[in-house]
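Sequences listed follow chains A and B, in order.
Residue numbers for the first sequence follow the working numbering, so the first one is 185 and each next one is one higher.
Residue numbers for the second sequence follow the working numbering, so the first one is 185 and each next one is one higher.
Keep in mind that the hints are not guaranteed to be accurate.
Put simply, identical chains are the same to the list, so a pair is met inside one copy or across any two.
[Unchecked claim] Pairs of lysine to aspartate or glutamate residues, derived as EDC-like cross-links and limited to a Cα-Cα distance of at most 20 Å, are as follows:
no.	residue 1	residue 2
1	213	501
2	191	218
3	406	396
4	443	489
Think of the hints as simulated: they come from the structure by calculation, not from any bench.
Just so you know, these numbers come straight off a predicted model, no measurement behind them.
The primary structure of each chain is shown beneath.
2 protein chains.
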Amino acid sequence: MDLDDLKSRILAGERRALARAITLVESQKAEHRDMAAQLLEGLRGHDRQALRVGLSGTPGVGKSTFIESFGCMLTGQGLRVAVLAVDPSSARSGGSILGDKTRMERLSRDPLAFIRPSPSQSHLGGVARRTREAIDLCEAAGFDAILIETVGVGQSETVVAEMSDLFLLLLAPAGGDELQGVKRGIMEMADLILVNKADGDLKSAATRTCADYAGALRLLRKRPQDPEGYPRAMTVSALEDSGLSKAWEDMQELSDWRKTEGHFAARRAAQARYWFEAEVQEGLLARLRREPVSGAMAALAVQVENGTTTPTAAASELLERYLQISTSGAPDSPLEA
Amino acid sequence: MDLDDLKSRILAGERRALARAITLVESQKAEHRDMAAQLLEGLRGHDRQALRVGLSGTPGVGKSTFIESFGCMLTGQGLRVAVLAVDPSSARSGGSILGDKTRMERLSRDPLAFIRPSPSQSHLGGVARRTREAIDLCEAAGFDAILIETVGVGQSETVVAEMSDLFLLLLAPAGGDELQGVKRGIMEMADLILVNKADGDLKSAATRTCADYAGALRLLRKRPQDPEGYPRAMTVSALEDSGLSKAWEDMQELSDWRKTEGHFAARRAAQARYWFEAEVQEGLLARLRREPVSGAMAALAVQVENGTTTPTAAASELLERYLQISTSGAPDSPLEA
Chain A
185 MDLDDLKSRI
195 LAGERRALAR
205 AITLVESQKA
215 EHRDMAAQLL
225 EGLRGHDRQA
235 LRVGLSGTPG
245 VGKSTFIESF
255 GCMLTGQGLR
265 VAVLAVDPSS
275 ARSGGSILGD
285 KTRMERLSRD
295 PLAFIRPSPS
305 QSHLGGVARR
315 TREAIDLCEA
325 AGFDAILIET
335 VGVGQSETVV
345 AEMSDLFLLL
355 LAPAGGDELQ
365 GVKRGIMEMA
375 DLILVNKADG
385 DLKSAATRTC
395 ADYAGALRLL
405 RKRPQDPEGY
415 PRAMTVSALE
425 DSGLSKAWED
435 MQELSDWRKT
445 EGHFAARRAA
455 QARYWFEAEV
465 QEGLLARLRR
475 EPVSGAMAAL
485 AVQVENGTTT
495 PTAAASELLE
505 RYLQISTSGA
515 PDSPLEA
Chain B
185 MDLDDLKSRI
195 LAGERRALAR
205 AITLVESQKA
215 EHRDMAAQLL
225 EGLRGHDRQA
235 LRVGLSGTPG
245 VGKSTFIESF
255 GCMLTGQGLR
265 VAVLAVDPSS
275 ARSGGSILGD
285 KTRMERLSRD
295 PLAFIRPSPS
305 QSHLGGVARR
315 TREAIDLCEA
325 AGFDAILIET
335 VGVGQSETVV
345 AEMSDLFLLL
355 LAPAGGDELQ
365 GVKRGIMEMA
375 DLILVNKADG
385 DLKSAATRTC
395 ADYAGALRLL
405 RKRPQDPEGY
415 PRAMTVSALE
425 DSGLSKAWED
435 MQELSDWRKT
445 EGHFAARRAA
455 QARYWFEAEV
465 QEGLLARLRR
475 EPVSGAMAAL
485 AVQVENGTTT
495 PTAAASELLE
505 RYLQISTSGA
515 PDSPLEA
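Isolated chain A (complex conformation) (with noise of 0.2 Å):
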């Protein structure tokens, strides 16, 4: 593979490109790691700026016919949308919800549009890197808005949040209760909360709920983040294409407010350290994985197990033995320049 010239037909906006280093970013071999690092590494420093929408929705509320109006809504004003789904359920489920594009059919076929189902791995933190990957690639092919779902299982609505610039939680019309259904903390990381289905029967049913979440989020407290009036919630039809201009005006005045004020980008760059911090904890933890540090391990649990020896014990023996870390550093670091 040239990395050269999937680099340049990344820039000029190839999707055939995108699709391609994504398959890249994606392969867990050493070697695509390493052209993976060289590619992103050779993109780093365009000043191209993408609007990074994350939105959770457990199954039920209309999330692929919402992101196929609200897609279909943003390639019709000229805009360039990517898709990309972070569900760390698909290898369970034996395909990501949207492993079927036949569910986006109309936006599948839109030139503007890119749609990536969440790759098929059971762990969250690989998905989560590929995702990160995936949204740099998008950014660097000239996408105007990339749009991070999931499904909410887990802790993959944080892994989200993480890497959006906004948080849009979508619900449908619920009776009473449905308030407490909703995951503690949820609320707390939404910017836009879209009550969908405002639409036939449910349209009554739908403006009660976006009050009653009016009225909860009017509860918490302001964020520094928020001008007046945000988070706020919106009923939407995802059927009908109704609200989903007004939700977008939303989006983009929230935005346009972080980025005057200086929230846009620290937020950026507080992403940006979280996932350092976190890929150093993970890589750490994989070391414990590999041999003979793994073998030695499941020994000293078979230890631990019969009482022999105690787990506090055990664990000071393993790290004392295996898991000394170096404190000089390589001499030739990059860091001691």
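With chain A's structure known, arrange chain B on it following the hints.
Frame of chain A, contents of chain B only:
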């Protein structure tokens, strides 16, 4: 401090020696950690076994009153009872829920009881290790039952369940939607659900709440470690001392069955392995907070924040430079034996 003397006084069941030993295991000083490890190693091999009972309940369910009444019921039967607390929030709230022993005035004056508040550490990992070691000490001192209580902040319920033979969930009577207020996953951990305050005006509400939970428990899949009829829900009144003996009988029935069937020992072995792995991970991550790694990490974080490098590249650099793991091991390690 004479460790041999301390050891024999603990084995003789002296509460002052036990208190002193727990202070030792709570200390963060390296010298004290070494002594604590020696003491625990010296105490290993006694054949005493307490029933370790985890207890979770949010503020307002009457946890202190329950522990007081339940503990006095046990000492009334001639049993020795220790009470420990796992409260990760104690550092913040300026004192453990058990800090004020006056809340358990009768029990704290009982010569057969030993009450120890949660240490003021904000770090749940530290509280967990201290509590496991305190459990070992109480067991060596010949206590029959060890109650480990938590308010259930964050992950503290999992921490307590991973060091208990039985796990109790204490609830207060409430309206119909209270089922939803119980944190996801807690129901699955409980061996007994006790609905407290089944007295006076609240008696019928307690009976209804108990029936709701009994119904919910029937919906859960049967666990291999449970005989027919478990987990179960029942009403108690700490105020009127009703239901407490029955709860204790059930706890004994359940633990006797598990001992006969081999589940009791298997659970303790699995817990030992869990804590061993947790301590290895924590010890490894603690190395990131030491110089020069922490300094290099801070410098790289700044570069990541201002976009000079990517999170992935910076993490690789740090891992390569400082976090190489020894693949040889110390030649004189007991692992060779």
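Structure-based check of all given hints:
no.: 1; hint: 213 - 501; in the structure: between (33 Å within a copy, 18 Å between copies)
no.: 2; hint: 191 - 218; in the structure: within (15 Å within a copy, 57 Å between copies)
no.: 3; hint: 406 - 396; in the structure: within (18 Å within a copy, 38 Å between copies)
no.: 4; hint: 443 - 489; in the structure: between (55 Å within a copy, 16 Å between copies)
Comparing the model with each numbered hint stated earlier shows that all of them hold.
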